[in-house]
Structures are given as structure tokens and as C-alpha cells.
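Quick one: dock chain against chain with the hints and give me the complex.
What follows is each chain in one-letter form.
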Amino acid sequence: MAEWLFHLCEQIEATSLGVFVRESIWGFPILVGIHIVGLVFSVGIVVWLDLRLLGISMTGVPVSRVYRRLMPLAFVGFGVMLLSGATIFTGFAASAYKNPYFRVKLIALALAAVNAIVYHTNIERRIDKWDRAPAPPVPARVAGIISIVAWTTVILAGRMMSYTLYMP
Amino acid sequence: MREQGVRQGDPESQVPSPERVDYSSVADMSSLFSAIEKSTVAMAIRDSTILTGGLSGLHLIGLTLLLGSALVSSAALAGWIVNDQPIAEVTRATRRASIVGLCISVATGLLLVSFRLSMSLGTRAFRIKMLTLAAAAVFHFTVYLPAARGRNSVVGRGLAGVLAFLLWFGVVLGGCAFILLE
Chain L
1 MAEWLFHLCE
11 QIEATSLGVF
21 VRESIWGFPI
31 LVGIHIVGLV
41 FSVGIVVWLD
51 LRLLGISMTG
61 VPVSRVYRRL
71 MPLAFVGFGV
81 MLLSGATIFT
91 GFAASAYKNP
101 YFRVKLIALA
111 LAAVNAIVYH
121 TNIERRIDKW
131 DRAPAPPVPA
141 RVAGIISIVA
151 WTTVILAGRM
161 MSYTLYMP
Chain W
1 MREQGVRQGD
11 PESQVPSPER
21 VDYSSVADMS
31 SLFSAIEKST
41 VAMAIRDSTI
51 LTGGLSGLHL
61 IGLTLLLGSA
71 LVSSAALAGW
81 IVNDQPIAEV
91 TRATRRASIV
101 GLCISVATGL
111 LLVSFRLSMS
121 LGTRAFRIKM
131 LTLAAAAVFH
141 FTVYLPAARG
151 RNSVVGRGLA
161 GVLAFLLWFG
171 VVLGGCAFIL
181 LE
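Chains as they are written, first to last, in the working numbering: chain L, 1 to 168; chain W, 1 to 182.
Just so you know, these hints were derived from the structure itself, not from any lab. Do not take every clue at face value.
[As the list claims (entries may be wrong)] In silico SDA-like pairs for lysine to any residue, Cα to Cα no more than 25 Å straight-line:
id : chain 1 : residue 1 : chain 2 : residue 2
1  : W       : K38       : W       : T52
2  : W       : K38       : W       : I104
3  : L       : K129      : L       : L165
4  : L       : K129      : W       : E89
5  : W       : K38       : W       : A27
6  : L       : K98       : L       : S84
7  : L       : K129      : L       : R65
8  : L       : K129      : L       : I56
9  : L       : K98       : W       : L51
10 : L       : K98       : L       : A2
11 : L       : K98       : W       : D47
12 : L       : K98       : L       : L82
13 : L       : K98       : W       : T49
14 : L       : K98       : L       : A14
15 : L       : K98       : W       : A27
16 : L       : K98       : W       : L55
17 : L       : K98       : W       : I50
18 : W       : K38       : W       : L111
19 : L       : K129      : L       : V142
20 : L       : K129      : W       : Q85
21 : W       : K38       : L       : T164
22 : L       : K129      : W       : R127
23 : W       : K38       : W       : G150
24 : L       : K98       : L       : C9
25 : L       : K98       : W       : G54
26 : W       : K38       : L       : Y163
27 : L       : K98       : W       : G53
28 : L       : K98       : L       : Q11
29 : L       : K129      : L       : R68
30 : W       : K38       : W       : G122
31 : L       : K129      : W       : K38
32 : W       : K38       : W       : D28
33 : L       : K129      : W       : V82
34 : L       : K98       : W       : T52
35 : L       : K98       : W       : L180
36 : L       : K98       : L       : T15
[Claimed, not checked] Pair ranges (Cβ atoms, derived):
id : chain 1 : residue 1 : chain 2 : residue 2 : range
37 : L       : L106      : W       : L51       : 20 to 28 Å
38 : W       : N152      : L       : P137      : 36 to 44 Å
39 : L       : Y166      : W       : Q85       : 50 to 58 Å
40 : W       : A137      : L       : V19       : 41 to 49 Å
Idealized CB from N, CA, C, for every residue including glycine.
Looking at chain W on its own, in the form it has when it is part of the complex (with noise of 0.2 Å):
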């Protein structure tokens, strides 16, 4: 009986049709969405423009700690700096490096749009800047990694290097475009 009413009082259990399911979600996300623009953290960020502005230098110094520890490692992996010494010796710092500077501009950048987190996520160049950032961190993980630790990759050790540093060059790239055109 209970199953029942609750059943006929929710217009939701009825037969789903497709674009109902979608609907559901989108509002669930724009809900989300909603939800951590609201937060605490968030309104503290939209109001306070020492918060943004140290968050905005501490995610460029993030940045340009991965982007700086992957053109040293990209010229390490090519052979430019050294090339009588073990390759995992010479990348050690800069691999922990890269991965402190990821940590540093992802956090930072995911404060600073959390007050903004819809109209962000509707910009072509945030997008873009994302879709970067997720295949440069794949490629980061899956391809660099293993080349900087003097392990087989499938591609060459400098190729590794220079894919690497384009694609968080390319990140950059999304960054400012994203700053600029907002």
C-alpha cells in the first residue's frame, strides 16, 4: 500500500521517457552546480578580492611550476642537459615537482571557479582549457611518467618530453584565453 501511494504521488515513477531522464540529470547538475555557488567557501572567494587575487597568483605559480618542470624535463629527456647520467636521476625532481605544481593549479583553479561554476562551464575556452588539462594529465601519467623514470613509453624518450610540454603549454594557452574572453 505504502509503495503504492508513494508511487501515485510521484510523477517521476511513471513510464520514463528519454528526454525526461535527461532533464532529471541536467537539473540535478545545475542543482550541483547551484549548490557550490552558494557554499560558504565560494560566496568567501566572490567577496573578498585579496582571496582571488592570492588565489589567482598561487594558481599562476602552480602553473608555471608544471610548465617550468616540463620543459626542463622535456631538455633532460632529449638528451640537452646531461646524457652520461641515469635519465630517472636527473627527471626525480622534476617529476615531483610537475605533480606539486598539477596539485597547486588544479585546487586553486577549482576555488576560483566555484563561485562562478555555471557560467565557467559555458565558456567555449573553459571547456577547452579542460579537455586540454584532462589529456595532458592522461598523457602526463600514462606516457611521460614512465619515459622520466627511464622505463619503456610508447614513444621515444624526447618525443615524450616535447608531447608533454605542448600539451601543458596548451593548458596555458586555455588559461589566458579563459582570463581574456570571460
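Bound-form chain L, shown alone (with noise of 0.2 Å):
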């Protein structure tokens, strides 16, 4: 464990935004219920395009229109989530710091956005080629899947460490 990282922590938790949300009595719950209104948006919306890029929803929708139509709202949602979840870490930044499941949320958020970047640099560049394809190739399909197993991992870590944030 790096300690500058636990000190970091520590400061962060003492901070007035955080002493607010870790001791308000209606503050944190009204965040935690933003963070999962976010979340339930922006992943909801998230996986029909990587079903889309798998070939199985609406195959007769380009990808590029289905992101075009359903990704403005879904980064509505991911802005809204990742506000309300840096505005909760800093009430609970030593603990969620010693937290496992807390470490495999931030790899799976670290390999969502990794998946999307290198989608939008690489895969997405030869669009034109396979668009309209019910399937697209097996690149996009497996950005699709990674998509999936991140979110679906990003959401189960989460909830683990609500429940385990305080246990020795």
C-alpha cells in the first residue's frame, strides 16, 4: 500500500465536502441515489450499442446512427455518475482506499474507458466498411463484450463495497 496514497486519502476525507458527506443526515443518501440514477442511465444505455456491435439488437440500425441517437444521453448519465461518485469518495476516500472491491471498480472503470478510447481511435476508423453489417467484425464485437464485462463488473464491485466498506 502506497502511504502518501493513504495520507491523500485521509486529507481528502477531512475536507469540508467530505465531513458534509460523510456526517449530513440527508446528504449522502441523496447522492447515492444520483450515483445509481447515473449509473442505471448511462450503463442502461450503454449496453444496446455494445449489443448492437455484437450483432444481436437492432441489426438493421447502422452503429453509427444507434451511437449518434443514444450516446448524447448516455454521457448525460455518465457525467452525472462519475460527479456523484467523486463527491462520495470524498467521504469515504481511507476506507474505499483499503477496500478490495473498490480497487476492482476502479480496474474496471480504468478498462471500460481503455476499451472506448482504443474503439474510437482504432475500430471506429473503418466504420464506413462495416456499418450497415448485421455483424460487425470480430474487433468491434470484442469491444463490445469488454464493454459489457467491465460495466456489469463496475456495478457488482460497487454494491460489494457499500456493503464491505467498514469491515475489518
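Written as C-alpha cells, this is what we have:
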């Protein structure tokens, strides 16, 4: 465990925002509610782009159209989820740092982010060749599977984290 | 003779008053809830953080699938995704996914409240969530599904999609309220 990182987490917890999140009666419940709603919106939409990449759903609709129509809503959900998640973190940073499920959640989030970057910078560049194909090429399908696995892990680890945050 | 003996020894066989019937049914429900709460499965869930957390995660995955399906489906019904293809083709996967999401969230939800059934039913947020869930399920099967299959529906396609989404969103909000207020 990196000591300096743990001390940084302790300092984050000691900020006025961290104290508010931890000690206010309604602040924490409302933040968690917003976080869950943001997650349901973003992941609930992203999975449909992933299923299109896998050739499972909306196979008659071009991938680029599915992306254009659905992703703006998902981005709003991601923004809400990240902001509320970061705010919740300030209240429990040191406990979260020691929690194994939080680490799993962060790794899964990083995997989802890298997967999205690889998709946009590499796979999507040749989309004009497979945009209308009912079954996109293997790299696109792999990106879809990785995204579904990563987000499922984020949700499961997130819930496990909330049940085990203060366990020794 | 035997029947008489049973009647004489059984105070419940006296002339029933409405109050008595009510109390007895409440007692029956209480004993049923108590039996569910003390069942092996409920006790195992109560005593295991891994099981409770895992079920909670699966419950959220089910709700995510359900609400995402409702959102994408309502966009499709409103002609937002595509308007030159049969609507049943576009919404086929979302219809199936919404049923899968509903099954996952109901099954895991029942398991999650199995060890605190009486307490949960006494919570206003839980009762509101259950009422919203019932309304959403009835609307889903009677209005939304026919519209999503391209059949005649009592309301327009776009409106059916929007209402279905709002009702399922209400279930998620009720769930959040229940988690946070219990």
C-alpha cells in the first residue's frame, strides 16, 4: 500500500465536503440515489450500443446511427455518475482505499475507458466498411463484450463495496 | 359426535365476528412472513455479506437492463432511432431484454427482502415501490408490449414508450428511497 496515497485519502476525507458527505443526514442518501440513477441511465444505454456491436440487437440500424442517437443521453448519465461518485468518495476515501472491491471497481472503470478509447481511435475509423453490417467485424464485437463485462463488474463491485466498506 | 367435539374444543368455530376473521388472517400473514424470514435461504442471505452484496449487484444489473431497455424502446417507438423499418423489428431485442431485466430484479429483490419481509412491508418507500412496480408491470404487458410489437394500443406508440419508461424510472426511484430510508 502506498502510504502517501493513503494519507492523501485521509486528507480528502478531512475536507469540509468530505465531512458533509459523511455526517449529513440527507446529503449522503441523496448523493447515492443520484449516483445510482446516473449509472442506470449511462450503463443501461451503453449496453445497447454494445449489443449492436455484437450483432444481437437493432441489426437493421447502422452502428453510427445507434451511436449518434443514444450516446448523448449516456454521456449525461456518465457525467452525473462520475460527479456524484467522486463526491461520495470524498466522504469515505480512506475506507475505500483499503477496500478490495473499490480497487476492482477502479480497474473495471479503467478497462471500460481504455476499451472506449481503442474503439474510437482504431476500430471506429473503418466504420464505413461495416456500419450497416448486421454482424460487425471481430474487433468491434470484442469491444462490445469487453464493455459489457467491464460495466457489469463496475456495478457488482460497487454494490459489494458498499456492503464491505467498514469490514476489518 | 366427533364433529361436535371438535367444534366445542375449537374457539375459532364459534360464531365469527368480522374483527376475528381479520385478526386471524393478519396472524396467518404474520406467521407466513415469519416462516419466510426464518427459512434457510433467508438466514443464509442475512448472514452473508457476499450473498447480500452479490444479490444487490444483480438487482441493480436487472434494473439497469430494464430501464435501459425501456429508454431505448421508447426512443425507437417515438421514431428517434429509425423510422423506415417495422417497429417490431427494432424493438424485438429491447422487449426480450426488459423481460429478462424484470425477472432478474424481481427474483433478486424477493431474495433481498426475504429476511426482513415484515420490516420492509412496514416501510412507506417499499410499499410505494411495490405499487409503482405493479402499475409498471400492468402497463408493460397491456399497453407497451402491443405497441412495441406494432399492434394497436390504447395510446400512441411514442406515448406508450414514454409512459413505460417513466413508470420503470419510478420503480428505480422507489428502490433508491427504500435503500436510503430503511
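Indices of hints not satisfied (ascending): Of the numbered hints, 3, 15, 22, 23, 31 do not hold.
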